[in-house]
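Those protein sequence lines, which keep their order, are chains E and S.
Take 1 as the starting number for the first sequence in this note's numbering and just add one per residue.
Take 1 as the starting number for the second sequence in this note's numbering and just add one per residue.
One thing to keep in mind: the hints can contain errors.
Derived pair list, reagent style BS3-like, types lysine-lysine, alpha-carbon separation capped at 27 Å [unchecked claim]:
no. : chain 1 : residue 1 : chain 2 : residue 2
1   : E       : Lys83     : S       : Lys30
2   : E       : Lys83     : S       : Lys26
3   : S       : Lys26     : E       : Lys105
4   : E       : Lys92     : S       : Lys59
5   : E       : Lys2      : S       : Lys10
6   : E       : Lys201    : E       : Lys236
To be clear, the hints were calculated from the coordinates, so they are not data collected in a lab.
Please read all numbers here as calculations on a predicted model, not as lab measurements.
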Amino acid sequence: MKHPLVWITALFCSGIICCAALKMPFIVSYGLTAGLCLAVFCLPSRNRYKDTLILLLVFCSGSASYANSRVLPASHIRWLGYKARDNICQVKGYIVDQPVFRDGKTSFMLASREFCLDRSKRNCCGKLIVNINGEKFLNCGDILLLSGRLVRPFFGAGSGPSRRKRGYADYLYDQGVYLLMKVDNPIRAIVLGQNKASLLKRFSFRLKQGIERVIYKRLSPAAAGIIDAMVLGEKKGVPPLIYRSMMKSGTVHILVVSGFNVGIVIVLIFSGLKIFRISRNIRFYLALPLMLVYCLMTGASNPVVRATIMALVLGFAYYLRREADIYNACAAAALLILVIEPRELFDIGFQLSFVSVIALVYLYPVLKRMLNMEKLKARVAACFIDSFLVSFSAWICTAGFIAYYFGMVSPVTVLANLVIVPLAGLITLLGFSLVVTNWLSAWLCASLVPVAELAVNLLIQVNFLLISLPKAYFYLR
Amino acid sequence: MFVFTSQERKAILFLLCMTLLGIGIKFLSKRYAPVRAFACISCNAGKININQADKAALKSIPGIGEKLAQRIIEYRLKKSRINDLQELSRLKGLNKSRFERLRQSVFVE
Numbered sequence: 001m002k003h004p005l006v007w008i009t010a011l012f013c014s015g016i017i018c019c020a021a022l023k024m025p026f027i028v029s030y031g032l033t034a035g036l037c038l039a040v041f042c043l044p045s046r047n048r049y050k051d052t053l054i055l056l057l058v059f060c061s062g063s064a065s066y067a068n069s070r071v072l073p074a075s076h077i078r079w080l081g082y083k084a085r086d087n088i089c090q091v092k093g094y095i096v097d098q099p100v101f102r103d104g105k106t107s108f109m110l111a112s113r114e115f116c117l118d119r120s121k122r123n124c125c126g127k128l129i130v131n132i133n134g135e136k137f138l139n140c141g142d143i144l145l146l147s148g149r150l151v152r153p154f155f156g157a158g159s160g161p162s163r164r165k166r167g168y169a170d171y172l173y174d175q176g177v178y179l180l181m182k183v184d185n186p187i188r189a190i191v192l193g194q195n196k197a198s199l200l201k202r203f204s205f206r207l208k209q210g211i212e213r214v215i216y217k218r219l220s221p222a223a224a225g226i227i228d229a230m231v232l233g234e235k236k237g238v239p240p241l242i243y244r245s246m247m248k249s250g251t252v253h254i255l256v257v258s259g260f261n262v263g264i265v266i267v268l269i270f271s272g273l274k275i276f277r278i279s280r281n282i283r284f285y286l287a288l289p290l291m292l293v294y295c296l297m298t299g300a301s302n303p304v305v306r307a308t309i310m311a312l313v314l315g316f317a318y319y320l321r322r323e324a325d326i327y328n329a330c331a332a333a334a335l336l337i338l339v340i341e342p343r344e345l346f347d348i349g350f351q352l353s354f355v356s357v358i359a360l361v362y363l364y365p366v367l368k369r370m371l372n373m374e375k376l377k378a379r380v381a382a383c384f385i386d387s388f389l390v391s392f393s394a395w396i397c398t399a400g401f402i403a404y405y406f407g408m409v410s411p412v413t414v415l416a417n418l419v420i421v422p423l424a425g426l427i428t429l430l431g432f433s434l435v436v437t438n439w440l441s442a443w444l445c446a447s448l449v450p451v452a453e454l455a456v457n458l459l460i461q462v463n464f465l466l467i468s469l470p471k472a473y474f475y476l477r
Numbered sequence: 001m002f003v004f005t006s007q008e009r010k011a012i013l014f015l016l017c018m019t020l021l022g023i024g025i026k027f028l029s030k031r032y033a034p035v036r037a038f039a040c041i042s043c044n045a046g047k048i049n050i051n052q053a054d055k056a057a058l059k060s061i062p063g064i065g066e067k068l069a070q071r072i073i074e075y076r077l078k079k080s081r082i083n084d085l086q087e088l089s090r091l092k093g094l095n096k097s098r099f100e101r102l103r104q105s106v107f108v109e
C-alpha cells in the first residue's frame, strides 16, 4: 500500500463520525471492536480477508475511542456543578493554560480537583473555564481555591450574517469543558501553591511573557498586537476592526500560529546551531525540545500540534536518512491528535488546518500538472502562476468549511493571499528577529522597529483596500 | 486493493491492540473512579468577613451598591460588631434576594 497511514487515519475518522452520528453506546462499540480483534487473531496469516478485517478494526477503534471520550466519571465537575445551580460553591484545582486579562476579566482554564458545597467537600475532576471579575496576577500551574457560581456555557447557535450551525457550548464541549465558573471578586481566588507537574509548561509561558514584553515595549500597540499574534498566536492585542477586516479578506489565518511559523522556528534553530558548527545529530536532538517549547508557548492549538508532529516525523526521516513522505507525516499528526482526543475531529481549527495542508500537498501539484507548468519558460510568470495556484488550492478546499461555519464567502481571498502571505512571512521573520536582537544588541533591535512598523501598516492598508473591492466578500443568507 | 506487508500488519495490529487496551483501561478508571466525600474544613475561604470588610469589598458583592455598603458599615459601627447575619435583614434597601446574595458571599467571625 502506498500511503498506509493515510488509509488508516481516514478509516479512524470515519469510525468517529459514524459513532457520533449513530450515538453508539461505549459498550456496543467496544464489544464490536474487541470481537473483531479476536477474529483477526484467529484468522490464519495468509487469509485474503485479513487485511480487510484489520481496516475494519481501525474503523471500529475510531468509534470506540469516540464513545469512550463521551463517558464521564461520576466525580466529574459537570455532575457536581449541576447540583450547585445558582449557589456559591468552592472549587480547588490548578491552572492549565496562561491566564488572560481581557474586557475587565481574568480568564483561564482550571483542572478541578476538589469541590465544596454546603460544608460537604468531595474530590472531582474535569476542566472549567474561570472568569474572575477584575485583574488578578496568576500563572499557569498555580493551585487555586475559588469561590463562585458555576454556570452552563451560552449555547448561542449564531444568527444574523454569521449563521453558525454550532454554538459556543459545542465548541467548549469539543474541548471537554461543560461548565464556566464566575468569580465576582479577585479576593475570592486564593493561590495555595504551584503544581510541580507543569514545569515545562510554566517555563514555556514565562518565556512567552518575556517575548511579549519585548514586542510590546518596542512597538506601537496595534503593530505589537499583530506581531504578537503572528509570532506567538496570542490574539488579545489585535484591534477588533483589523481582525474583522482580515476575516472578510480570508487572511485571518496569518494571525494564527501554523506550520509556517513552526517552519520559521525550525529554520532559525537549525541555522543558529549551524553557525556554531554543531553536528547534524546534535542539532536534531537540540531542535526537538525547542520545538516542544514553542508548541507549548503558542498554546498547543491544533495547527501548531499538527505542524510540530509533521516536523518531528519529517525530522526523523532526515535523521535516519530515509525518504520523507508528506502524506504519511500529515496522517500521523492527525491520528495522534485523534487518538488522544477524538472530539478534535469536529473542531473547526483541526478541520481547516488539515484541509489546507491536504490542498497544498495534493491539489496544488495536480493543478500544476494540469497547467503544464514545467513547460513555462518565463520565470516571473511561472512564479506568479505558482503562487496563484497555491492560494487557489487552499481557498477552494477551505471555502466550503468557511461558508458552513461562518456563512461567508470571500472570493478576494485568492488575491489577498498572494499579497498578504509574503508580507506576513516578512513580518513574522521581523518579529522573531526583533526578539533575538533585543537580547543581543539594543541598537540593532531599534533599527528593526521602523521596518516592522512599516510592514504592519502596509499589511493593514492592503487588507482594507482589498476588502473595499466590489464583491470582495459576501454573506450567505 | 488493500495489501499490507507482513511488517506493516504486525505494527498495525500491535498499535491497535495497545489502543484498545488503553481505551478499556481508561473506561474502567472512569467507570469505577471513587467519589470521596469528606467534611469541609473551612467553608469561608473566598468569602468576606462582614466585621472587617471595607466599603470596596462590600461593593464587590452583587446587589450591594454604594449606599447599601455605607449603611452596613454604619450599622456595624453603631453595634460595634455584627454577631449574626440575620441582623442585617432589617436594613433599609436589603430585600430578600439581596440578603440571600449577601449571605452567600460573607461570613461572621
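Now for the hints, and whether the structure bears them out:
{"no.": "1", "hint": "Lys83/E x Lys30/S", "verdict": "holds, 20 Å"}
{"no.": "2", "hint": "Lys83/E x Lys26/S", "verdict": "holds, 26 Å"}
{"no.": "3", "hint": "Lys26/S x Lys105/E", "verdict": "violated, 36 Å"}
{"no.": "4", "hint": "Lys92/E x Lys59/S", "verdict": "holds, 25 Å"}
{"no.": "5", "hint": "Lys2/E x Lys10/S", "verdict": "holds, 17 Å"}
{"no.": "6", "hint": "Lys201/E x Lys236/E", "verdict": "holds, 20 Å"}
Comparing the model with each numbered hint stated earlier shows that hint 3 is the single one that does not hold.
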